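Just so you know, the protein sequences line up as chains A and B, in that order.
To convert, take the position in the first sequence, counting from 1, and add 2; that gives this note's numbering.
To convert, take the position in the second sequence, counting from 1, and add 75; that gives this note's numbering.
By construction, these hints were calculated from the structure, which means they are not laboratory data.
What you are looking at is a predicted structure, and each value in this text was computed from that prediction instead of being measured.
Honestly, I wouldn't trust all of these hints.
Simulated crosslink set (SDA-like; lysine to any residue; CA at most 20 Å straight-line) [to be verified]: (1) B:184 to A:132; (2) B:184 to A:133; (3) B:228 to A:121.
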Amino acid sequence: MNLDALLLSFRLAAVVSAILLVLALPLAYWLAFTHWRGKFLLESVVALPLVLPPTVLGFYALIALGPRGPLGRLWQFLFGHTLAFTFAGLVIASVVYSLPFAVQPLITTFESLDRRLLEASSILGASRTRTFFRIIVPLSWSGLITAVVLSFAHTLGEFGVVLMVGGNLPGITRTVSIDIYDRVQALDFAAANRTAFLLLFISFIVLAVVYGMNRRVWSPWAAK
Amino acid sequence: MVTLGREVTPPMLFVDIRKQFRAAGSPPFLLDVKEMFAPGFTVLFGPSGAGKSTLLDCISGLLRPDDGLIKFDDECFFDAARRFSRPPQLRRTAYVFQSLALFPHLSVKENVAYGLSALPSAERQERVERILPAFHIAALRRRKPGELSGGEKQRVALARSLVTQPQLLLLDEPLTGLDAALRQAILQDLRAWNAAGRIPILYVTHNREEVDAVGERVVALINGRVQESGAPRAVLDAPRSIALAQAAGFENLLFAHVVEHRPADGVMRVALASASCELEIPLGTVPPRAAVQVAIRAGDILLATEAPRALSARNILPGTLETLEPRGSLVVAQVNAGARFIVHLTPGAVRSLQLVPGLRVWLVLKTHSCHVVLP
Chain A
3 MNLDALLLSF RLAAVVSAIL LVLALPLAYW LAFTHWRGKF LLESVVALPL VLPPTVLGFY
63 ALIALGPRGP LGRLWQFLFG HTLAFTFAGL VIASVVYSLP FAVQPLITTF ESLDRRLLEA
123 SSILGASRTR TFFRIIVPLS WSGLITAVVL SFAHTLGEFG VVLMVGGNLP GITRTVSIDI
183 YDRVQALDFA AANRTAFLLL FISFIVLAVV YGMNRRVWSP WAAK
Chain B
76 MVTLGREVTP PMLFVDIRKQ FRAAGSPPFL LDVKEMFAPG FTVLFGPSGA GKSTLLDCIS
136 GLLRPDDGLI KFDDECFFDA ARRFSRPPQL RRTAYVFQSL ALFPHLSVKE NVAYGLSALP
196 SAERQERVER ILPAFHIAAL RRRKPGELSG GEKQRVALAR SLVTQPQLLL LDEPLTGLDA
256 ALRQAILQDL RAWNAAGRIP ILYVTHNREE VDAVGERVVA LINGRVQESG APRAVLDAPR
316 SIALAQAAGF ENLLFAHVVE HRPADGVMRV ALASASCELE IPLGTVPPRA AVQVAIRAGD
376 ILLATEAPRA LSARNILPGT LETLEPRGSL VVAQVNAGAR FIVHLTPGAV RSLQLVPGLR
436 VWLVLKTHSC HVVLP
């Protein structure tokens, strides 16, 4: 069993979920509340990773992050090396890949909020930012938790994008799914099974804990 | 009259706006209001979908009118000509929604303190501690809205709005669903609060009792337009339009035409279209032979089981009792006297007169209970 690969996967999933939360909150807020007619265009872009094969996404990510890509060149200028086949590159590609899984649950929660609550907040003098942090976020716990869990789980299980962008460097880009794939290729089914089973077990525990919490978080202010 | 060198004018709200809007299940129509609101209670009265809430949304800044001007005192709230709209945060206007919109995740105290975030915490504390007992909710301070009764929620919503010391107060049916005693108690608190402040309060309701309890002035809004305004008795007890008569709860609207004027008696006679009978109603300006509708409240009609004699009431119509239908604390009777009349009775009256469908009865209508409404 490859503990390195497992830890790397968890580290990647944690970093990606954290970045996605920061990114998805304002994006989902804007998509939920804007009256802009062209918002369907942005919605489509955000949802693209849902329908694209991971290899297509990975391919374009590789091009963009590589030494000739815009992002790759900028990174090279700043840090002296390109992004392809690095952990940072993996994070950027994964953020794009898991974006819809963070944005969609947030949009759904924001849209289900009672608009009169937000209007009451404005009438009582609160700025948009204050309304966002005092009213919208506290009333959106279920959506927030769902968003984090889905981005975490989705990143943990990704394969195609990682293979295209990250390659297979032990400790740097060899995530657990790549590791399992490697073992199977080498016909080491016992080792593949140990890792796969551990991943299955951990994923189930994480989901069970979160959904269990979520049920209670759902409406903590309901009458007893 | 002595005039002072400089007149002190109380703060007035001036509204002159147009807004296209769409009510659920009806074709879009236009809110077109030009009205001045003085300090004290003004009741906005009208059927649902008349644009009452839309008007409040425009005044509070939640909605932008298509055109027009809203001014409070010297302060411009909205001016279409200058493309100016003051954001709701800066209008110092309190607005209690019909749904109340209490923040479900905050305690009563946190809800009430929500609008005071700009104040230093000592003053915030002091204001909250002052208003909680005034609205009889001090004991509930730690509760969440989900743990409050309907009346308690309404008190919290009022306290949350009033603690900000607004210069204008908008109330959208804040007391619906409460029983009469509780409503009276809350209105008492509200009136006591405004005795000191004397700010304009716009109070939306279509409950006649609430109008009588709070109303100093009524503005009747029908189909987005101000139909009439004035003292509650003048506007609602003698409605001049059919839509308003319906909204004001006149159960009997009868087609008729004017037969003759009798200025010496202060009355005119009208003939009901569907019956051979005539009614004597207060003298009006409608010329003879003109078509009118006569509006009569079901509660203003007396019912007798013997032909009454020696009465001051001028209209006594024989008829047949058709149906009796208990509804809450009253009984709704339908009487066919050529035209069909709806009469409200008490269950006690039904019992003591031994009323049953099919009984011969006499309807007694005072002249001044009959109101002419123009089609």
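Structure-based check of each hint:
no.: 1; hint: B:184 to A:132; result: holds (18 Å)
no.: 2; hint: B:184 to A:133; result: holds (18 Å)
no.: 3; hint: B:228 to A:121; result: holds (18 Å)
Violated hints for the displayed structure: none, as all numbered hints are satisfied.
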